[in-house]
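J.: Each chain, letter by letter, is given below.
Protein chains: 2
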Amino acid sequence: MLAGRMMDFPLTLTHFLERARTFFGRNEIVSRLPDKTLVRGTYGDFYRRTAKLANALARLGVRPGDRVATLSWNHQRHLEVYLGAPAMGAVVHTLNLRLHPNELGYIANHAEDKVVVVDRSLLPLWRKFADQVRSVRHVIVVPDCPAQGEPTSAEIDYEELIAPEKDEYPWPSLDERSAAMICYTSGTTGNPKGVVYSHRSTVLHTLIVCNADTLGVREADTVLPVVPMFHAAAWGLPYAAIMAGSKIVFPGPHLDPPSLLDLMAAEKVTIAAGVPTIWLGILQLLDQHPGKWDLSAIRSTVIGGSAAPPALIEGFKSRHGIDVTHAWGMTETNPIGTLARVKHGMSHLDDAAKLGCKASQGYAVPFVEQRHVAEDGTILPWDGETMGELEVRGPWVASSYFGGEGPDRFTTDGWFKTGDVVTIDREGYLRITDRSKDVIKSGGEWISSVALENALMSHPAVLEAAVFAARHAKWTERPLAAIVLKEGKTATKEELNAHIEAKFAKFWLPDDYVFMAQIPRTSTGKFLKTKLRELYGDHLEKKGAAE
Amino acid sequence: MLAGRMMDFPLTLTHFLERARTFFGRNEIVSRLPDKTLVRGTYGDFYRRTAKLANALARLGVRPGDRVATLSWNHQRHLEVYLGAPAMGAVVHTLNLRLHPNELGYIANHAEDKVVVVDRSLLPLWRKFADQVRSVRHVIVVPDCPAQGEPTSAEIDYEELIAPEKDEYPWPSLDERSAAMICYTSGTTGNPKGVVYSHRSTVLHTLIVCNADTLGVREADTVLPVVPMFHAAAWGLPYAAIMAGSKIVFPGPHLDPPSLLDLMAAEKVTIAAGVPTIWLGILQLLDQHPGKWDLSAIRSTVIGGSAAPPALIEGFKSRHGIDVTHAWGMTETNPIGTLARVKHGMSHLDDAAKLGCKASQGYAVPFVEQRHVAEDGTILPWDGETMGELEVRGPWVASSYFGGEGPDRFTTDGWFKTGDVVTIDREGYLRITDRSKDVIKSGGEWISSVALENALMSHPAVLEAAVFAARHAKWTERPLAAIVLKEGKTATKEELNAHIEAKFAKFWLPDDYVFMAQIPRTSTGKFLKTKLRELYGDHLEKKGAAE
Ligand SMILES: Nc1ncnc2c1ncn2[C@@H]1O[C@H](COP(=O)(O)OP(=O)(O)OP(=O)(O)O)[C@@H](O)[C@H]1O
Ligand SMILES: Nc1ncnc2c1ncn2[C@@H]1O[C@H](COP(=O)(O)OP(=O)(O)OP(=O)(O)O)[C@@H](O)[C@H]1O
Ligand SMILES: [Mg+2]
Ligand SMILES: [Mg+2]
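Chains as they are written, first to last, in my numbering: chain A, 6 to 552; chain P, 6 to 552.
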């Protein structure tokens with residue numbers, strides 16, 4: 006080999022910070038507080054405050070590699086920790102505030118968090134597990150609401166902490182492969198496991214997010230990360246916004262549809278990103294009040310984390326002229342892995358076929374590679390039919406978990422096993438039929454719960470549908486569907502089966518329907534099928550016995 | 006430090022090749038031959054032919070690190086070498102066919118080229134320096150025109166060479182820091198020097214080119230690299246197009262305005278990139294024949310390599326609705342360093358102010374850093390007035406030249422000295438006032454030749470203007486302007502001075518004007534001011550003596 010002769014310039018988050026200050030000092034960062042007031046800052050303020058924070062953390066004894074945890078909603082101060090801790094060589098660890106205190110205790114201990122930055126509004130939650138976390142030396146409280154009760158002397162006010170500090174910091178030069186952030190999977194598949202993003206993986210992911218054919222984040226954009234910053238780095242949007250210099254709008258804790266719509270209209274948001282549940286709620290509200298919110302600035306809503314039902318994508322487009330970008334990713338993939346864009350060469354297809362592409366999980370973004378394999382590891386054909394477990398690799402895919410747990414998720418030839426069951430078609434579009442742990446196997450045949458759910462969610466009375474495996478005497482497992490109806494609507498088992506029967510083999514149709522007010526969800530907004538199975542796993546057996 | 010736990014997936018060009026085949030197999034590559042016929046291929050063909058080429062090169066004995074030179078116009082087979090050689094671990098070395106045979110001999114020897122791929126239409130040029138190149142083992146001839154004269158037995162036909170080979174190749178895994186391409190500076194500043202791009206630098210540059218706020222190359226684009234592939238990798242556009250999957254249109258040797266306009270209209274080009282001279286010619290032709298070519302598909306023309314005069318940018322926009330993207334770069338920067346985009350926060354400015362931004366050299370793209378320094382190395386303020394030498398650094402900036410030549414271009418604190426004299430304003434926009442070797446110093450004061458040229462080129466009779474230093478008895482140097490008039494137009498010294506005098510201090514105005522049919526240029530299309538000084542350096546002294 007002949008060595009290149011280009012500079013050894015590391016890919017670190019420090020460059021984003023410097024760039025934001027140098028070129029985009031006047032651009033805005035808007036944060037909503039718990040009391041709904043808006044706080045406005047600029048990238049210039051943000052840079053100076055981040056430098057102050059770094060100085061303060063150094064004073065508190067934070068050293069390279071130390072974990073600085075956050076227990077926070079999405080807001081500017083959270084962003085200051087997001088950049089400040091990694092740029093000084095420490096590691097930010099985002100705690101998922103939707104988890105049970107015991108899980109949080111386990112995770113904070115496992116990561117050996119040394120400092121915790123916690124929103125004052127979340128102090129009650131923190132105090133539920135604080136005792137369990139032996140590693141913590143300092144608790145910094147973000148004053149996002151008026152103080153309540155007695156403040157502990159060990160809890161330091163964020164603003165008081167940074168006030169006396171200098172607004173410049175001698176950022177160290179860092180190895181691009183050093184850790185920048187730790188993010189834990191939510192633990193629906195065993196104990197939560199830590200994914201350790203490096204500066205390099207985060208930077209490369211950011212470059213891809215800003216690519217024109219991915220999300221194409223630009224300086225002229227106004228970005229609203231609805232997805233929490235504790236969920237896979239809010240899909241990398243905060244970093245993308247900083248690199249591009251975009252205006253950022255943080256929703257704080259107000260993630261209900263009317264609050265989000267008010268914010269999108271008032272701040273002229275151009276890109277917003279969140280899980281399907283959020284967008285289902287928003288679409289329902291828009292349908293009820295057409296024209297109430299001026300969303301003309303929006304150029305794309307990004308949906309991921311769970312399958313975006315075709316009816317959702319189609320509804321936004323046809324009824325409100327809003328384009329949906331559907332993306333797939335995981336905590337383990339920093340997170341964006343694939344994105345559903347209709348290829349240029351397919352632009353002659355009819356609307357239904359295009360919707361078929363847009364509602365798929367898409368194909369790999371540059372530098373991610375995809376394949377699917379049978380249970381015995383055989384690589385499967387891209388025929389649009391054969392189901393297998395999706396495997397991916399790339400510079401922003403995990404190579405191991407923190408502490409070396411779960412080694413079985415990594416193949417010997419360098420791929421990560423996603424746990425998602427997919428088909429891949431000739432064009433490379435992949436379609437998730439199930440998560441492997443949720444697969445329904447009826448008499449030895451796989452049935453795709455996702456396909457059934459999408460079909461059910463196109464019924465006018467259905468708000469949400471989750472299909473899962475119930476035990477069955479003869480077939481071992483049979484599909485059962487949990488249904489949430491739209492307000493004031495009704496539907497029967499017969500109507501629902503009639504609505505979908507043309508699309509599926511007869512044996513795919515659910516054996517029964519259970520109607521619920523709400524489908525149990527994971528902390529990241531996915532259907533919690535383990536819970537459904539716990540509640541209704543014996544439903545068909547009982548019914549069989551009763552009949 | 007805590008190490009990240011993400012995959013060690015290298016940033017190599019191999020991924021682009023695989024991606025093109027996997028997702029964009031049907032997308033087109035169109036090449037114009039010397040006889041003006043168009044050859045159409047697809048990314049699928051391209052992949053298979055590139056694999057065949059790699060097998061053939063391996064058979065010829067090409068080993069990792071070996072240099073495979075090209076002496077070629079822009080066309081698909083050139084692209085096959087561009088990707089095939091680096092992906093097999095070799096290094097492509099693009100020879101600049103506009104250089105003198107002696108220079109080419111020097112460069113090919115210096116790079117120790119082992120194989121040369123040469124267009125049949127350029128065989129006469131190759132034969133002029135072939136004897137000088139001791140390292141060459143094989144000459145591969147691209148059959149771009151009918152054979153003339155006796156073919157030497159040592160010259161292998163490209164098509165015959167690859168025909169028997171397999172269309173798969175076991176691409177090796179490569180170190181991302183290994184060399185992918187060598188490109189020589191054109192040598193107007195001393196001996197030509199080799200810049201060695203790595204896979205990493207090329208990949209990162211490509212990611213930036215595809216960023217929405219840089220050129221934002223997308224799959225739906227049709228890209229026309231007018232800039233030669235031997236000139237700083239055609240500004241990275243071929244790689245950007247492959248990563249995005251865009252249709253590519255190669256102009257071959259036909260770079261005259263009517264040929265380019267025909268091609269742009271016929272192939273519905275959306276992005277075209279070239280030096281100002283090309284665009285000046287095209288604008289003139291469009292002005293003469295408004296409406297003759299349908300350029301409605303164009304979304305941006307990229308201009309760089311020399312300063313784009315404001316009148317050019319304004320003319321395209323106001324008279325033809327075409328947006329110009331002005332970018333600055335060097336062979337040493339892979340090449341894009343800065344880009345002139347009007348910031349979102351400046352969108353309220355009037356048209357003149359916006360044109361002032363668009364006609365500047367812009368500000369650094371992500372991961373490039375810029376500063377300017379005085380002769381003693383002092384870092385200068387960003388006040389829009391103070392002139393100094395531009396220095397840059399970043400992952401796609403050279404850290405040394407091949408063979409270690411020119412070490413004085415690299416500062417001890419890790420920056421590259423560009424040789425461009427600039428001002429930088431508060432927003433970070435830089436404006437090249439001169440190349441350091443072309444600076445005019447009148448009585449100890451710097452005069453910006455570029456500012457004078459831009460002002461002169463806004464005169465309706467002036468096609469091109471080059472201002473340079475002529476010797477002067479009293480002031481040591483004084484500005485002299487070389488002018489090319491538009492066809493059928495006239496102008497006098499008095500008219501030209503009157504046109505620009507409001508904009509400049511009196512002592513900046515050229516002492517005299519010389520009218521020429523053509524301004525001498527370098528092989529990369531820049532004004533060759535050394536030549537102008539050679540021809541007219543004594544013009545004022547002689548005139549003084551005569552008066
Ligand atoms: N667009 C999408 N369509 C369908 N499923 C998706 C999509 N995006 C993400 N997912 C699902 O989300 C999973 C990744 O979720 P994430 O890493 O955020 O947490 P989690 O997997 O729920 O946590 P845990 O691993 O603890 O169960 C993917 O493996 C996939 O099953
Ligand atoms: N947009 C631009 N505006 C003004 N000048 C530009 C622009 N883009 C490039 N240049 C000039 O081109 C130079 C880089 O040219 P390049 O590396 O392609 O070859 P070269 O410098 O002419 O060769 P040599 O170094 O042998 O003289 C820059 O240093 C700058 O002077
Ligand atoms: Mg998971
Ligand atoms: Mg140069």
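Mixed in with the good hints, there may be bad ones.
Since the list gives no way to pick one copy over another, a pair counts as held whenever it fits inside one copy or between any two copies.
[Claimed, not checked] In silico DSS-like links for lysine-lysine, alpha-carbon gap of 30 angstroms or less:
| no. | residue 1 | residue 2 |
| --- | --- | --- |
| 1 | K273 | K348 |
| 2 | K322 | K297 |
| 3 | K273 | K359 |
| 4 | K171 | K491 |
| 5 | K511 | K348 |
| 6 | K479 | K171 |
| 7 | K273 | K531 |
| 8 | K133 | K359 |
Calculated directly from the structure, the hints in this document are not laboratory data.
Nothing here was measured: the structure is a model prediction, and the numbers come from that model.
J.: Compare the structure with each hint and give your call.
T.: Going through the hints against the structure:
{"no.": "1", "hint": "K273 to K348", "verdict": "both (29 angstroms within a copy, 18 angstroms between copies)"}
{"no.": "2", "hint": "K322 to K297", "verdict": "within (17 angstroms within a copy, 38 angstroms between copies)"}
{"no.": "3", "hint": "K273 to K359", "verdict": "both (28 angstroms within a copy, 23 angstroms between copies)"}
{"no.": "4", "hint": "K171 to K491", "verdict": "neither (55 angstroms within a copy, 59 angstroms between copies)"}
{"no.": "5", "hint": "K511 to K348", "verdict": "neither (33 angstroms within a copy, 58 angstroms between copies)"}
{"no.": "6", "hint": "K479 to K171", "verdict": "neither (72 angstroms within a copy, 53 angstroms between copies)"}
{"no.": "7", "hint": "K273 to K531", "verdict": "within (29 angstroms within a copy, 44 angstroms between copies)"}
{"no.": "8", "hint": "K133 to K359", "verdict": "neither (49 angstroms within a copy, 56 angstroms between copies)"}
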